[in-house]
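Input sequences plus hints: build the corresponding full structure.
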Amino acid sequence: MADVAYHEPETLERALALLGATEGARCIAGGQTLVAMLNARLVEPAALVSLARIPGLGRIAGEADGTLRIGATATHAVVAESAAIARDFPLIAETARLIAHPPIRAFGTIGGAVAHGDPASDYPAALVASDAVIEIASLEGRRNVPAAAFFVDYLTTALDPGEIVSAVIVPHPPAGARGHFLKFSRVDGDYATLSVAAMLAVRNGTCAHIAVALGAAGPVPVRDREAERALIGKPPTREAIAALAEALAAKSDPVDDVRGSSAYRKGLIPGLVARALAAIAN
Amino acid sequence: MPDVTLTVNGERERLAVDATETLLDALRARLGLNGTKLGCNQGVCGSCTVLIDGTPGRACLTLAASCGGRDIRTIEGSATGGKPSVVQQAFVETGAVQCGYCTPGMILTAEALLKRQRKPSTDDIRHALSGNLCRCSGYAKIVDAVRLASERMPA
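Residue numbers (the numbering used here), protein chains in the order written: chain A, 1 to 282; chain B, 1 to 155.
Simulated from the structure, these hints should not be mistaken for laboratory data. We treat Cβ as the ideally placed atom computed from N, Cα and C, and that holds for glycine.
Now the stretches of chain B that chain A is said to cover, found in silico as 3 or more residues with beta-carbon under 8 Å: (1) 13–20; (2) 46–59; (3) 65–78; (4) 124–133.
List of simulated lysine to any residue pairs, SDA-like, C-alpha gap at most 25 Å: (5) B:Lys115 <-> A:Gly189; (6) B:Lys119 <-> A:Ala83; (7) B:Lys115 <-> A:Ala80; (8) B:Lys141 <-> A:Arg186; (9) B:Lys119 <-> A:Asp188; (10) B:Lys115 <-> A:Arg97; (11) B:Lys119 <-> A:Ala77; (12) B:Lys141 <-> A:Asp190; (13) B:Lys141 <-> B:His127; (14) B:Lys141 <-> A:Val187; (15) B:Lys115 <-> A:Leu98; (16) B:Lys119 <-> A:Arg97; (17) B:Lys119 <-> A:Val78; (18) A:Lys251 <-> A:Pro146; (19) B:Lys119 <-> A:Ala80.
Put into structure tokens, the structure is as follows:
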């Protein structure tokens, strides 16, 4: 690995050119996952293209239509501490606050977390429940992929070779909707055994909007839009929420690992979904 | 091999490093600063914690090549003229050191906390240290030490 090239381009265009120039080149931003993988010899990149010194790539901006645009190199700490995100996008802020530990949050980035596509990590479920869009840059231009389509399989995303995640775009929550991220892990700062990202708007006692996505429950975040639609216009009773949780559990396919067996994780779903939605309703 | 110029404990250092070499390996093998410990090499345990531009970070998850222009502080930079820092002295007096392997990371994390927040609550201290594991499980005395150091900080 001694002759691996390391680049620190100062524009995204240059980064894309460098990424395309060497087969097996990989991007690195905060390095909080990729360097751990290098240390474990799970990856052997032919070249490393750092995105860390591209000015403005981590910019966080509210758009005129209420949309939030989080630049790829925004760290978890910056997202967690942004007053504007906490006010208008509490689900995103709560999620960022629960990722690993302070030293990891200080350097890990949203673009890196998304591009890695680990279903046990925290952002994917939160972005799917928020109907977020992943902005992807290539030498040909930009394309936007809904988060629900971006996550394809374990550690597999819709990114093609030569593409870079340039931003995450989060639509403003629907009127009256509030979000909550509930992460269940036995050890503080660990990956989730199971997580629930939920958005709920209740108007006149009935559901006006509901979105629930599960993390660490399968190869990609688990969401059931049909089961969500069945709740619209109905009161969010215990039975109605149990029916949604049952539909999610049926779609889930969690792994057996050190954090819990597949059956254990499935068993967590009804209680955690109910708890996450209750936290919003109350 | 990338060339990188950085500041380590106030000294300017120019190093030729491998692209995939971590800051942890560069500090230990190239600069002989063995106070920074190799634990899990996965970012989980916190024993390699150093201050990167004043912020606690994992030396094992930081590429040395990415540290150009950065200001790195290791445990070797905590004492001044042989006199322990306020936090180091508090660790000694409180008996917050058992095997000592987590201590450099604990002390640097605590120093960064107290620089940011002179009078943290016990919860603040526990939260700040949550990414540093002590496998001797001597957490109570470590938290006591940080509290003592906080009391000694000028208001």
